[in-house]
Each structure stands twice: as structure tokens, then as C-alpha cells.
Amino acid sequence: MQTSVLFTARPKPFSPLVSLKAHYNTPSTLKTGESMAAAPKWAQKTITLPPHKRGCHLITPKILKEIEQDLSGFNCGLAHLFLQHTSASLTINENYDSDVRDDTETFLNRVVPEGQSAPWKHTLEGPDDMPAHIKSSMFGCTLTIPITNGKLNMGTWQGIWMCEHRDYATPRKVVVTLNGI
Amino acid sequence: MQTSVLFTARPKPFSPLVSLKAHYNTPSTLKTGESMAAAPKWAQKTITLPPHKRGCHLITPKILKEIEQDLSGFNCGLAHLFLQHTSASLTINENYDSDVRDDTETFLNRVVPEGQSAPWKHTLEGPDDMPAHIKSSMFGCTLTIPITNGKLNMGTWQGIWMCEHRDYATPRKVVVTLNGI
Amino acid sequence: MQTSVLFTARPKPFSPLVSLKAHYNTPSTLKTGESMAAAPKWAQKTITLPPHKRGCHLITPKILKEIEQDLSGFNCGLAHLFLQHTSASLTINENYDSDVRDDTETFLNRVVPEGQSAPWKHTLEGPDDMPAHIKSSMFGCTLTIPITNGKLNMGTWQGIWMCEHRDYATPRKVVVTLNGI
Chain A
1139 MQTSVLFTAR PKPFSPLVSL KAHYNTPSTL KTGESMAAAP KWAQKTITLP
1189 PHKRGCHLIT PKILKEIEQD LSGFNCGLAH LFLQHTSASL TINENYDSDV
1239 RDDTETFLNR VVPEGQSAPW KHTLEGPDDM PAHIKSSMFG CTLTIPITNG
1289 KLNMGTWQGI WMCEHRDYAT PRKVVVTLNG I
Chain B
1139 MQTSVLFTAR PKPFSPLVSL KAHYNTPSTL KTGESMAAAP KWAQKTITLP
1189 PHKRGCHLIT PKILKEIEQD LSGFNCGLAH LFLQHTSASL TINENYDSDV
1239 RDDTETFLNR VVPEGQSAPW KHTLEGPDDM PAHIKSSMFG CTLTIPITNG
1289 KLNMGTWQGI WMCEHRDYAT PRKVVVTLNG I
Chain C
1139 MQTSVLFTAR PKPFSPLVSL KAHYNTPSTL KTGESMAAAP KWAQKTITLP
1189 PHKRGCHLIT PKILKEIEQD LSGFNCGLAH LFLQHTSASL TINENYDSDV
1239 RDDTETFLNR VVPEGQSAPW KHTLEGPDDM PAHIKSSMFG CTLTIPITNG
1289 KLNMGTWQGI WMCEHRDYAT PRKVVVTLNG I
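Residue numbers (the working numbering), protein chains in the order written: chain A, 1139 to 1319; chain B, 1139 to 1319; chain C, 1139 to 1319.
Be aware that one or more of the hints could be misleading.
All copies of an identical chain are treated as equivalent in the list; a pair is satisfied when it fits inside any one copy or across any two copies.
To be verified - With a straight-line cut-off of 25 Å between C-alpha atoms, the simulated DMTMM-like cross-links for lysine to aspartate or glutamate are:
(1) K1259 with D1237
(2) K1259 with D1235
(3) K1259 with D1240
(4) K1311 with E1263
(5) K1289 with D1208
(6) K1200 with D1235
(7) K1191 with E1243
(8) K1203 with E1252
(9) K1191 with E1263
(10) K1203 with D1235
(11) K1200 with D1237
(12) K1289 with D1240
(13) K1289 with D1235
(14) K1289 with E1263
Because the hints were derived from the structure by calculation, they are not lab data.
In isolation and in its complexed conformation, chain A is listed as follows:
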């Protein structure tokens, strides 16, 4: 195994300020051509989502409500969401027609067998448990979204979904980490 490098980021003395070039996402507080200097910031919090029934759920408003104030302090950065569970998932998909969420749940139930015909060994926690683990790895439990001018820079039709794969709803925790300047 190679040993690792530890980089401690310290500002170079007298390092010149960087000029911003013209582009669509100049932080709104700066004019093109102006220079900026900012300290990198980190913010981290754990959000507890209330129990959701099995299926796909749009959680953008809930997440935004929790982080909006902190988000507004970042001109440029990344927002990282991490679901601390193995039988639910996070994904980004359509934020408008709820049929898309229903159809996605239909797909997951078709592609991952459940019940008598399923070949699973892990069945102690119920017939929905092993399928839930598989669905969790198919969509994943983590998302990273760009921050631009104090907002999540998603596309017009994109929303954050939490997909609950268990029959019996429980609260779910999401660790949100913001990093940027």
C-alpha cells in the first residue's frame, strides 16, 4: 500500500486575486471582471425524514427547507446527501408528474423478485427486505449536486427522490454536507 499524501490547504502569501471571466454563473454579488476572495466553508447536518410509504417520493422541498439558509452562503460549491440506510435509496428524477414516481416503483418491483418465487436466502426480516437491499444498491444512497449562486443547480425538471423500499415505514436519516465558497 502506498502511504497517503496529506495536503494542508493554506493560502499562499501574496497570491494574486483571480479575475472572473464572463460566464453565466458569475456569483451575483460580483460583476464580470471583478475579483473575489473567499474562505472555503463546510456545513453539515443530519435531516430526519418522517416515515414514507413504500414507493418513490419527491423530497426536494423538505431538503431545501432544511438547508436553504446555509446554501445561500455559497457562491460555488457542492451539496452532498447521504442516506444512512440499506433498504431505501436517493436518486434524481422528474419533479413534476407523480406517475413517473409510480412507474419507477412498478419497474423496481418487476425487476427484483419478491415472495414465494424469489431465490433469496436472506428472508428473516420479511419478503420485502432482501428486494429492498437490492433496490438500494441499484439507485444508491448518495447524491452530489452542484451549488451555484446560493442554490442547488439542478435542471428544470430534476428533483430529489427518496425511494422507500420497505413495506413498513420508518424515519430515514440523511446527512447533508455543504462545501464551497
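Got chain A; can you put chains B and C on it based on the hints?
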């Protein structure tokens, strides 16, 4: 809900410079044992990919052309790619034999039903639309790749793919965020 | 194409220290209400995993052994893992019952056809090769995990899995990048 912590990163006064230990990825401008100090940097841009036909496409050259110059300024960091759409996806896979991309498209079309036999409710935007949403969540719309010595540190055979899941090609936007020192 | 913005992060002169509010993840060295200042740090290393047989493997202990010492220096941050291969994958799932890993391997082999009946064009490297590429994109080759108080902030039942999709085991490389304060 817990309140969040906001960490403002400021250098500790008199914090010692860190010695680099021997390893494969010492930044090329430093010799083993030398110390370094660098200010963290952020760069962000939106790349518009021209329309691609339905299927999997290798876009590494296109992405590199857009970010190569900025990349070269980072000794160590992360490159984040975010596709702002819900009917296409980003993934990392083989960069050599185009048959791998064709076979992956074949797989996606087998695993996600389309047309008359498909059980979807969301069909207003055409028979390829709901399958496209599902494929987008299967592969995801976001990638994070390590930066080492000014380059994307992918494996020999790895390339960045954009998978277009719609029949009618449209331009696709990717927000690229670079962060590192 | 828009030009990009390069943000050089420099501390603002006289920027005030931030007060930490009460919450579960106050860095353990600070009391609620105390203020903190810290320089952002980056650490990066490549870990070589020994050959694993085809299937899903829990690698949390192996990864932690390699990064634990560096991790302990971060109060808040992100750990990024990047598998440099296209026929294996990284995912987060159950860390306890090994049946979950076996069942996940069973699922992958059911959903991705292999052998005579499979429709693949890319067959030169063996019948397990094209299925391996597809499985790699299904689960992905990259993970980002929050760091809180010097530890990976995963849920109680979460573990890091490396899924080997090839029949013949080879060593696999994971680039780990730590970033935080």
C-alpha cells in the same frame, strides 16, 4: 431536526507546513520531503453537449477539451459532473471497444419494457419517455472523479459515457465543478 | 461553451469566527458556543485490494485500516472512493448478514444474461466480461461518504462493498480522496 454546523475554513495561525511522504502521487512540482502550501480552488462551468442519438456515447475527449486547462491547475482534488436531465445518464465504463456501449444499450432496452407491453402510466411524451426516466436513475446523472497531478485519475480502460435514452436527440447540459489544491 | 470561473479560496481578512450551534455533530474538541478555525486539508492515496472471487465483498475494515489515521484529522468532510476498473463495482449495503451479499450476486446474475443465450457482441474476453461491464455501471465505481468527527458517518448497518464481476480474480485499485477541515 438538528441545526447545522457551519465551518468557516480559516488557516490556523502558525500552523506548520505538512511534509509530503513518499508515494506515487506526489505532485510533480514537489520533491518527496518538500512541504507545500496551497489555496483551495473552485472552478465551475456548464458544458452543452450536442444532440447524440439514443445509445451510449464516450464523451471523455469532449469533457477534457472543456476542462483540461482548468484541471492542470489542481495537484489534488475532485472533478464533479452533473447532467441536468432526467432522461439521459452519466456512467463510467470501457473506453475502447464500442461494442461494449452497444451491448449496454441492448441491456437497458431488455431490462426496461417499452411499447405496448409496458405497464407505464406516464406515456404522454412517447413510449421511450418513461423507460428513459428509469434508465436515468439506474445509471445516475452524477459522477465524481479524483484529480491527481492535473489530470482525471481514471483507470486505463475507463471513460466517461453519456447515455442518451430518448429517441429524439436534444442538446444536454453538464455542470462540471472542480475543487482541490 | 461558456468559459469557466476559477475561484481561488482565500480567507477574507478579518472575517469573523463562526459560532457553533448546538447539534449532534459538534466536533468533539469543541464545546457548543465555542468558535473554530481550521485549514481545509486534502489527502489522497491509492489502495490495492487483493484478488477477490466473483461476488460481493465487505471491504469496510480493509479501507478503514488504510485511511483511519488520516480520517482522524478531519472534523467535517467527505471521503471519496473511486474504483479504477470497468468490470467491478463499489456500493454501500448491509454490513452484517453475508446472505445479503450472496443474494445480491444472485440478483445480478439473473438480471444480466450470460453465456449462450446472451445477446452480447463483446465476447472476446469471455462470457463473464460483458455482463461484468453492465453490472459495473448498474452499481457504479464511485462512492462519497460524509466524515464527521474523524470517522466515516455511515448508518449502523451500512458497509462498503466491492463487487467483483469477473470469474478470474485480479487485484483492484481504489483511489481514496479525503477533503475537509
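- Where does the structure disagree with the numbered hints, that is, which hint numbers, in rising order? Violated: hints 8, 12 and 14.
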